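Chemist: One line per chain: the protein sequences are A and B, in this order.
All residue numbers for the first sequence refer to the working numbering, where the first residue is 1 and numbers rise by one.
All residue numbers for the second sequence refer to the working numbering, where the first residue is 1001 and numbers rise by one.
Misleading hints may appear alongside valid ones.
To spell it out: a stretch of chain B is covered by chain A in this simulated footprint if at least three of its residues, at any positions, have a beta carbon under 8 angstroms from a beta carbon of chain A; those stretches are [unchecked claim]:
1. 1070-1080
2. 1132-1146
3. 1373-1380
4. 1389-1400
The set of hints was computed from the structure by calculation and includes no laboratory data.
A quick note: this is a predicted structure, and the numbers were derived from the prediction, not measured.
For glycine and all other residues, C-beta sits at the position ideal for the given N, C-alpha and C.
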Amino acid sequence: MRKNFLFKLVTVAALTAVFATGCASGKAEREGGGEKVVNVYSARHYDVDKQLYEKFTEETGIRVNVIEGNAQELIERIKREGESTPADLFITVDGGILNSAKTAGILQPIESETIDSQVPSHLRDKDNHWIGLSTRARVIVYAKDRVDPGELSTYEDLASDKWKGRLLVRSSTHLYNQSLVASLIALNGEEQTREWAKGIAANLARDPEGGDRDQAKAVVAGVGDVAIMNSYYVGHLAASENPEEVKVAESIGVFFPNQETTGTHINISGAGLIRHSKNKANAIRLIEFLTSEESQATFSSANFEFPVNPKAELPELLKSWGEFQTQQIDFAVLGDNNAKAVEIMNEAGWK
Amino acid sequence: MPLPDRFRIAELARQPKGWTTVSLLSAAILLLPILSVLWSGLRPANENWAHIRQYMLWDHVLPTIRLAVCAGAAAGMLGVALAWLVAAHDFPLRRLLRWALALPLAIPPYIAAYTYSNMLSYTGIVQQTLRGMGVRANQAWFDIMSEPGAVFIFTMFLYPYVFLITRAYLERSGGSYVENARLLGRSGLPLFFRVVLPISRPALAGGVTLVAYETLTDYGVVNYYGVQTLTIAIFKTWFGMYDIDSATRLGAWFLAGILGVVVLERLLRRRRRYSETTGRGTPLKAVRLTGAKAALATGACLLVLAVAFLIPVAQLAQWTGWTHGTFAVRSEFGRLAGNTLKASLAATAIILAVSVVVANTARSARGAFGAALARLVTAGYAVPGPIIAIGVLSLFIALDRLLAPLYAGMGTGSAPLVLSLSLAMLIAGYVVRFMATGYNAVEAGFERIGTKYAEASRTLGAGVTRTFFRVDLPMLRGSLLGGAALTFVEIAKELPLTMLLRPFNFDTLATKAYQYAGDERIYQAAAPSLLIIGIGLASVFLLNHLAGSGQK
């Protein structure tokens, strides 16, 4: 009895295994067949991206296949796949990473007049190896009831003594902070940035923990007075299903730092064309579609990101923040400085 | 005529060579990705290494050890205490709690971490209620996002490893020891500390090892709570300094350290083997508790169950309600669950098959060879997922290159990558990573049976293979099913491997949950999280049902 049962179990298990593997390998994506496809490796994973891909397929008949993953891991995968890679597009958040994909030699120039007309040149790679899709600003948020926005001025100022025990920011593990520090290295030099990072670490109201939203909540809860965070999380808080989070969004003010000086730091999402792409024309068509006025407005309204296409309509919340100056530095520099930024934060004790 | 034939087969099977060959072969395949990681530790270091050593290594080593030791000890104590309580005592709701206390296993720790921190945050239900009552709460009271907070999460959501293994052990074989101790007048705490703890050591060690590994290789919880472990250092190096070589190097040292500790523990333990003297281990008889003691036992178990399962699930259910209307991909749930099941089942089946073969070889080999073999095939569990993933990826791409002429001959068109774009790669990754959960269960099963039955069977003339199928396998049934359920749940929750090794358009419930949670959209993550928990529950139920029917 028992033995019988066990044999059945093992047989069923083994058959399932063989069947599942067999099915899957039979279904491996083949490009160049009858069907029109574009294969995307993406480190951006928002529902809105998916909706736009579906719309693209409806309009053009080109199917979009996606592997989502972490940006650095995907770069590594493309590198190892070499010439045989099925990937056509690499999509990720952060100019520094896009640049590291470029220097890894896995991208190639994108030639399209439509794209050039839709995306201003400072939001594209200088050799057009990648094209920006959207941006977010690294802003300062403050408790409306305790902080006079007149007190706020620059990122640099946040390291001064007046913010001792009042500042909140997430851990240095996160890309947003690494990218900000990388930009400051480019603008102020390594020595000054080292001092600045020490000042930030010394001013923190608590050890870094949680994500960007948690910093906003901590400001409202009174743990600290000001926080460095990403603009699009403010939008997500305001649109939250939890009325308490909406209250948090209402209790904080958004301040765009460095308006009189070097401009506010922005983070860019972008798409790069893979050097060994087998569906190049389709890939370029997808970028054209994603940077069109209509798609850009969708990105912005669904995800509270700033569009790269200046003609795209902004949602009310983003409109209410008004125009602002952004840092004018080449995104490639952020990639070059990223490792240095990590080192500086480690040394400063910014956890 | 049939007689000589049968003799010849028996003769062949008596040679354990076949088993050893198969074991070594599977071990070699499993080891390739792991060895490629270890190998990188020996390559010359680059210029970042000095910085890593000076500023990162010790700052990350100490919290890592603290976290693993604290979580391992806490989960171990909780798991053994609960196992002892439900295995050896009778109190109200015991039958329900006996299996319900395993449920927290179905909740991925990172989901639990997000859920608890959100519940306790300024906008969460706890502080909201307090504010409603006019209490202005100090934020420090609710600060779960810290090292102690991480210990809490790992303890509450990983203790079932210890609980399940120890409970099964005590129920099946603890009887003779405990009865004798009771006859000799031991009871209460002395009985627990002097008898139960020592005899549960193999089970406890197996469970605690799993907890420690999970803690060491976790990324989700420690990253969100800001605990600076070695895994964080590895990712900072790779994703922040763009230096995969130094990251793998860190991973290699990390792995070498863990292997060292584990092999040492094995060697120390080897001298103490517990094997019953009187045939089959005696099942434990439960002592009825009454009055305050019974109430206390029920209360304690219910408290643990509430904190580790009921409260987070209720909270996730509420959040799912909030997002019900807006959730765009509800229609995809069937597909996501199907993908999760398909990949998890396939990998679980392979893991168990390999575990049984290798464990059977390792136990007859004994000695250092057996121990080394066992540790090596399960080493994948001690390596952070992404590092394993890169090893597996390289292996499959190399394999595809090797097979390219074959593909061309088969006329698969212009597709040069076949295997590395198939589900086979992901399943292989799971197998390398999760051998330990299946293997430990099978090994514990073999240890429980001891070698006496097999020896008796061999003495009576049956070969290794025949003995295995006729004697060992039927006795292993319980352990196999236990191992299968554990492994299955583990894989269904898995994240980093799935992210990197999946084929095109292959989402699982875990990747979906992470997609939202990673973007701090915990309310949207609630629905897929609940489904993962649901699948885990199904497997725990199955396990319980089978174990229940097998007992009597």
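Chemist: Now tell me if each hint is right for this structure.
Modeler: Against the structure, the hints come out as follows:
no.: 1; hint: 1070-1080; in the structure: violated (count 0)
no.: 2; hint: 1132-1146; in the structure: holds (count 4)
no.: 3; hint: 1373-1380; in the structure: violated (count 0)
no.: 4; hint: 1389-1400; in the structure: holds (count 6)
Of the numbered hints listed earlier, those contradicted by the structure are 1 and 3.
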